[in-house]
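K.L.:
Sequences listed follow chains S and X, in order. Numbering of the first sequence is given in our numbering, commencing with residue 12 and proceeding in unit increments. Numbering of the second sequence is given in our numbering, commencing with residue 107 and proceeding in unit increments.
These are computed hints drawn from the structure, not numbers from a lab. Computed from a predicted structure; not experimentally measured. All residues carry an ideal CB built from backbone N, CA and C; glycine is no exception. Please note that the accuracy of each hint is not assured.
Within a straight-line C-alpha distance of at most 27 Å, the following computed DSS-like cross-link-like pairs (lysine-lysine) qualify [as the list claims (entries may be wrong)]:
#1 Lys188/X / Lys339/X
#2 Lys188/X / Lys146/X
#3 Lys272/S / Lys146/X
#4 Lys272/S / Lys305/X
Chain S is faced by these chain X residues, among others (derived, beta-carbon under 7 Å) [what the hints assert, rightly or not]:
#5 Lys146
#6 Gly148
#7 Gln206
#8 Ala291
#9 Asp293
#10 Val294
#11 Ala298
#12 Leu301
#13 Leu303
#14 Arg326
#15 His327
#16 Ser364
#17 Ile365
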Amino acid sequence: MTELLRIEGLTVTPQNAPDKLLVNNVSFTLESGKTTCVVGESGSGKSLTALSVMGLLSSQLRLAQGKVIFQGQDLVGISNDELRKIRGGRIGMIFQEPMTSLNPVLTIGKQISETLIVHQGLRGQTLKARIAALLEQVGIPAGRANSYPDELSGGQRQRVMIAMSIACEPAMLIADEPTTALDVTVQAQILALLNELKTRMNMAMLFITHDFGVVADIADDVVVMFRGEIVESGPVAEVLHNPQHPYTRALLACVPDAEGKRPLKPIDYAWLNEEAAA
Amino acid sequence: MSDIILSARHLTKSYKQRSGRFGLGATLVKALDDVSLDLKQGSTLAVVGESGSGKSTLARCLLQLLPLDGGEVLFQGQDLAKLSGSALREQRRFLQMVFQDPFASLNPRMRVGQIVGEGLLIHQLGTQDERHDKVVRMLQRVGLSEADMQKYPHQFSGGQRQRIGIARALVLEPRVVVCDEPVSALDVSIQAQILLLLKELQEEMALSYLFISHDLRVVRHIADEVAVMYQGKLIEQGGVESIYDAPAQEYTRNLLQSIPGRRALAA
Ligand SMILES: Nc1ncnc2c1ncn2[C@@H]1O[C@H](COP(=O)(O)OP(=O)(O)OP(=O)(O)O)[C@@H](O)[C@H]1O
Ligand SMILES: Nc1ncnc2c1ncn2[C@@H]1O[C@H](COP(=O)(O)OP(=O)(O)OP(=O)(O)O)[C@@H](O)[C@H]1O
Ligand SMILES: [Mg+2]
Ligand SMILES: [Mg+2]
Numbered sequence: 012m013t014e015l016l017r018i019e020g021l022t023v024t025p026q027n028a029p030d031k032l033l034v035n036n037v038s039f040t041l042e043s044g045k046t047t048c049v050v051g052e053s054g055s056g057k058s059l060t061a062l063s064v065m066g067l068l069s070s071q072l073r074l075a076q077g078k079v080i081f082q083g084q085d086l087v088g089i090s091n092d093e094l095r096k097i098r099g100g101r102i103g104m105i106f107q108e109p110m111t112s113l114n115p116v117l118t119i120g121k122q123i124s125e126t127l128i129v130h131q132g133l134r135g136q137t138l139k140a141r142i143a144a145l146l147e148q149v150g151i152p153a154g155r156a157n158s159y160p161d162e163l164s165g166g167q168r169q170r171v172m173i174a175m176s177i178a179c180e181p182a183m184l185i186a187d188e189p190t191t192a193l194d195v196t197v198q199a200q201i202l203a204l205l206n207e208l209k210t211r212m213n214m215a216m217l218f219i220t221h222d223f224g225v226v227a228d229i230a231d232d233v234v235v236m237f238r239g240e241i242v243e244s245g246p247v248a249e250v251l252h253n254p255q256h257p258y259t260r261a262l263l264a265c266v267p268d269a270e271g272k273r274p275l276k277p278i279d280y281a282w283l284n285e286e287a288a289a
Numbered sequence: 107m108s109d110i111i112l113s114a115r116h117l118t119k120s121y122k123q124r125s126g127r128f129g130l131g132a133t134l135v136k137a138l139d140d141v142s143l144d145l146k147q148g149s150t151l152a153v154v155g156e157s158g159s160g161k162s163t164l165a166r167c168l169l170q171l172l173p174l175d176g177g178e179v180l181f182q183g184q185d186l187a188k189l190s191g192s193a194l195r196e197q198r199r200f201l202q203m204v205f206q207d208p209f210a211s212l213n214p215r216m217r218v219g220q221i222v223g224e225g226l227l228i229h230q231l232g233t234q235d236e237r238h239d240k241v242v243r244m245l246q247r248v249g250l251s252e253a254d255m256q257k258y259p260h261q262f263s264g265g266q267r268q269r270i271g272i273a274r275a276l277v278l279e280p281r282v283v284v285c286d287e288p289v290s291a292l293d294v295s296i297q298a299q300i301l302l303l304l305k306e307l308q309e310e311m312a313l314s315y316l317f318i319s320h321d322l323r324v325v326r327h328i329a330d331e332v333a334v335m336y337q338g339k340l341i342e343q344g345g346v347e348s349i350y351d352a353p354a355q356e357y358t359r360n361l362l363q364s365i366p367g368r369r370a371l372a373a
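So that you can see chain S by itself, here it is in the shape it has in the complex (with noise of 0.2 Å):
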């Protein structure tokens, strides 16, 4: 029950647009051993909300108000120098494109190793070992330290990634729709596989997703944005079977059921703004 990380009143605007707000207000918690989802469509503020976390907001956006209290220290304001030491650090990152982010001309080994020399200073034949271990925690033989990306299905690429993104044992995972462009079987496993590295490494995660089905797969917590704003948060179980807000309720019409027995719904925009104004 230890709360690990405090967003409050985080807002986010660009920088030549003061008044508009990409993120409005928004506040949560994460704790250790936990997943919070951050579900909405398309737009709605998720990454940003991410981004706000890990200081890598780009230069033509402002953080204009809120603290990210993570381990009891406000992120917000501190040196480019002292965020880069936790992130990758205390704090890994997975993001959505596995082929983007890694570097074509590089050996998957040698990319995990760089995240190890870096924050643990390990060399030699310890490094070595560590990157064995971590490739066999993801599922991939240690003997494929040596492949090349393109060498890798688009699995077990991504798995590359949360193998380099688990490397220093953070205590806080933010992962931002890492399974988004991947098959269903492999996104099945992946799934497995977060789950299982968080409970064994008691690691709070911050997940993305506009999926709701991922969502009944991996939350503890749920947080749903709209517009920029949180319109409602709470336990998996309670948001998923007993949704109080009206835009969360269009949300979940919209995911086909595996069952197929409930008529989809598209959201209806006009009806919604209705709402909002009484």
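Given the coordinates of chain S, assemble chain X with the ligands onto it according to the supplied hints.
P.N.:
Chain X with the ligands only, in chain S's frame:
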């Protein structure tokens, strides 16, 4: 037999792939290995399977966009490979395709009016005014407007671009539409809109769909029949209910078990 609009018989297709550390060797990948299927008039046949199983290759071979190594494709009983020149062009109009990536599949330098009207022009259908009217009506039907004809693809969202792709295919009044992962790049709210639009248009225009997808939730909603591909082979085929309720193959069961949120969301 007459209710089968498109029929594939023993299709085979291999690709040469470079292999070895420096790409000097070559191996043959069987992307289609003796694939046969029938598409019934007015129905939707979904093709599912993991990445690399040969779904897109099948789509392209069915539409004669890629030459086959062996086998034949019969459209309304006619072997398409035996047609050439104007006869083939005439039939091609009735076989259209909607692609996965609405960003990559639209020419960024063309206006939407040109993109949607291009097929009508190529096939010399109607006068200029008639073509213009057709494009306007089609755009309106998919939820866009006449004013959108003057815009470029980058001025639209992902969902709107997919509507443009659908308008481009359907303005030719095709009989068969091959949809290759038409909603995979879209988020759930937009995905639901596009799926409903495809279903409505199918009724209105008596379309037959070959619908490629790896999302079995989507397939459950849109398909009448399902064909399961694995490593270039069609390993199982049947009515959507029988496949979902009583899959015969281990691989199909595995696919169904991988559907995210299957248990938790069923309640
Ligand atoms: N550099 C930028 N300048 C201006 N607006 C931006 C910038 N980056 C993002 N935005 C806008 O901020 C909003 C939120 O973007 P964000 O990337 O957080 O969405 P998201 O919820 O992650 O969506 P998706 O599911 O598509 O990834 C969007 O409307 C987006 O257009
Ligand atoms: N132009 C090509 N040259 C060589 N090999 C190819 C080519 N196109 C496809 N392949 C190979 O043929 C096989 C089938 O590919 P195809 O694109 O048909 O799969 P798919 O089922 O559509 O996969 P996805 O779900 O990833 O789109 C794969 O092994 C692929 O690597
Ligand atoms: Mg995002
Ligand atoms: Mg494909």
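K.L.:
If a hint holds in the structure, say so; if it doesn't, say that too.
P.N.:
Going through the hints against the structure:
Proximity of Lys188/X to Lys339/X is assessed by CA-CA distance (about 25 Å); at most 27 Å being required, the pair is judged to hold. A distance of roughly 22 Å separates the Cα atoms of Lys188/X and Lys146/X; the hinted pair therefore holds under the 27 Å criterion. Between Lys272/S and Lys146/X, the direct Cα distance comes to roughly 23 Å. Compliance with the 27 Å bound is thereby established for this hinted pair. A C-alpha spacing of about 16 Å is found between Lys272/S and Lys305/X, which places the hinted pair at or below 27 Å, so the restraint holds.
The criterion of a C-beta within 7 Å of any C-beta in chain S is not met by Lys146/X, whose closest approach is roughly 19 Å, and the hint is violated. Evaluation of the Gly148/X hint against chain S yields a violated restraint, the C-beta minimum of about 19 Å exceeding 7 Å. Interface restraint check for Gln206/X: the shortest CB-CB distance to chain S comes to about 12 Å, outside 7 Å, so the restraint is violated. Annotation: interface hint on Ala291/X violated; nearest CB of chain S at approximately 9 Å, more than 7 Å.
With a cut of 7 Å, the hint placing Asp293/X at the interface with chain S holds, because the nearest CB-to-CB distance is about 4 Å. The beta carbon of Val294/X is positioned within 7 Å of a beta carbon in chain S (closest approach about 5 Å), and the interface hint is therefore held. Nearest Cβ of chain S to the Cβ of Ala298/X: about 4 Å, under the 7 Å cut. The hint holds. Proximity of Leu301/X to chain S holds as hinted, the smallest CB-CB distance being about 6 Å (cut-off 7 Å).
A hinted interface residue such as Leu303/X counts as satisfied when its beta carbon comes closer than 7 Å to some beta carbon of chain S; here the least separation is about 9 Å, so the hint is violated. Interface restraint check for Arg326/X: the shortest CB-CB distance to chain S comes to about 4 Å, inside 7 Å, so the restraint holds. Annotation: His327/X was flagged as interfacial toward chain S, and the flag holds, the nearest CB pair being 5 Å apart, inside 7 Å. Given the 7 Å rule on beta carbons, the hint for Ser364/X holds: about 4 Å separates it from the nearest Cβ of chain S.
Among the interface hints, the one on Ile365/X holds; its C-beta lies about 5 Å from the nearest C-beta in chain S, closer than the 7 Å criterion.
The structure fails hints 5, 6, 7, 8, 13 (numbered hints given earlier, in ascending order).
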